[in-house]
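Participant: Each residue of the sequence shown is one higher than the one before, counting from 8 in the numbering used here.
Just so you know, not all the hints are guaranteed correct.
As the list claims (entries may be wrong) - Restricting the straight-line Cα-Cα distance to at most 25 Å, the calculated cross-link-like pairs of lysine to any residue (SDA-like) are:
(1) Lys-122 x Ala-68
(2) Lys-95 x Ser-29
(3) Lys-84 x Val-52
(4) Lys-20 x Val-105
(5) Lys-84 x Phe-25
(6) Lys-84 x Val-33
(7) Lys-51 x Leu-86
(8) Lys-82 x Ile-124
(9) Lys-20 x Glu-47
(10) Lys-20 x Glu-102
(11) Lys-121 x Glu-13
(12) Lys-84 x Ser-27
(13) Lys-130 x Lys-20
(14) Lys-121 x Thr-38
(15) Lys-111 x Gly-26
(16) Lys-82 x Arg-118
(17) Lys-82 x Ser-41
(18) Lys-82 x Leu-127
(19) Lys-111 x Ser-98
Just so you know, the hints here were simulated from the structure itself, not pulled from any lab data.
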Amino acid sequence: MDIYREQILEHYKHPQNFGSLSDADVTVKETNASCGDLYEFFVKVTGSTITDIRFQGVGCAISMAANSLVSEAVKGKTLREVEALTEKDVSRLLEVEVNPGRVKCATLPLRALKKSIEQLREKP
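Start from the sequences and build out the full structure, keeping to the hints where you can.
Facilitator: Structure follows, in structure tokens:
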């Protein structure tokens, strides 16, 4: 097995930031019906910086690994920096080119984060 697939399996079996966050500023759910992925994300923000993030739920190896890697990557980033993340950034984190049938799995955390940011900006 090549090293990149090993990284995905490692993050699938031992995801970083898995669990809930009781003092989250925003909580969002994101799904991918085509693969059965269902996750809830908890985001803590101080000023305009993500200071903590957690997620919980179930899904395929790609979505779990993407959630794990993206959650690590966005800690300490500003909301603007997170909004600028793309599918290519997720592929770089996963260290594999995601095939077209799995793009929704890999980009699930991006969709959740962008929803989180929208909700944060709507707060008074």
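Participant: Each hint: holds or not?
Facilitator: Quick rundown of the hints versus the structure:
Of the pairs offered as hints, the one joining Lys-122 and Ala-68 holds, with about 22 Å between alpha carbons and a cut-off of 25 Å not exceeded. Our distance criterion of 25 Å between C-alpha atoms is broken by Lys-95 and Ser-29, whose separation comes to about 31 Å. Between the alpha carbons of Lys-84 and Val-52 the distance comes to roughly 10 Å, so the proposed pair stays at or under 25 Å and holds. For the hint linking Lys-20 to Val-105, the alpha-carbon distance of about 19 Å falls within 25 Å, and the restraint holds.
For the proposed pair Lys-84 and Phe-25, the alpha carbon gap of about 19 Å is at most 25 Å, so the pair holds. A distance of roughly 16 Å separates the Cα atoms of Lys-84 and Val-33; the hinted pair therefore holds under the 25 Å criterion. The hinted pair formed by Lys-51 and Leu-86 meets the criterion: a straight-line CA distance of about 11 Å does not exceed 25 Å. With a C-alpha separation of about 14 Å, the suggested pair Lys-82 and Ile-124 falls inside the 25 Å cut-off, and the hint holds.
The suggested pairing of Lys-20 with Glu-47 holds, with an alpha-carbon distance near 18 Å, which does not exceed 25 Å. Under the criterion of a C-alpha separation no larger than 25 Å, the hint pairing Lys-20 with Glu-102 is consistent with the structure, at around 17 Å. A C-alpha spacing of about 28 Å is found between Lys-121 and Glu-13, which places the hinted pair above 25 Å, so the restraint is violated. Under the criterion of a C-alpha separation no larger than 25 Å, the hint pairing Lys-84 with Ser-27 is consistent with the structure, at around 20 Å.
For a cut-off of 25 Å, the pair hint linking Lys-130 to Lys-20 is broken: about 35 Å separates their Cα positions. For the proposed pair Lys-121 and Thr-38, the alpha carbon gap of about 14 Å is at most 25 Å, so the pair holds. A hinted pair counts as satisfied when its Cα atoms are at most 25 Å apart, and Lys-111 with Gly-26 qualifies at roughly 22 Å. Our distance criterion of 25 Å between C-alpha atoms is met by Lys-82 and Arg-118, whose separation comes to about 16 Å.
The straight-line distance between the Cα atoms of Lys-82 and Ser-41 is roughly 29 Å, outside the 25 Å bound, and the hint therefore fails. For the hint linking Lys-82 to Leu-127, the alpha-carbon distance of about 16 Å falls within 25 Å, and the restraint holds. Of the pairs offered as hints, the one joining Lys-111 and Ser-98 holds, with about 12 Å between alpha carbons and a cut-off of 25 Å not exceeded.
Hint violations for this structure: numbers 2, 11, 13, 17, all remaining hints satisfied.
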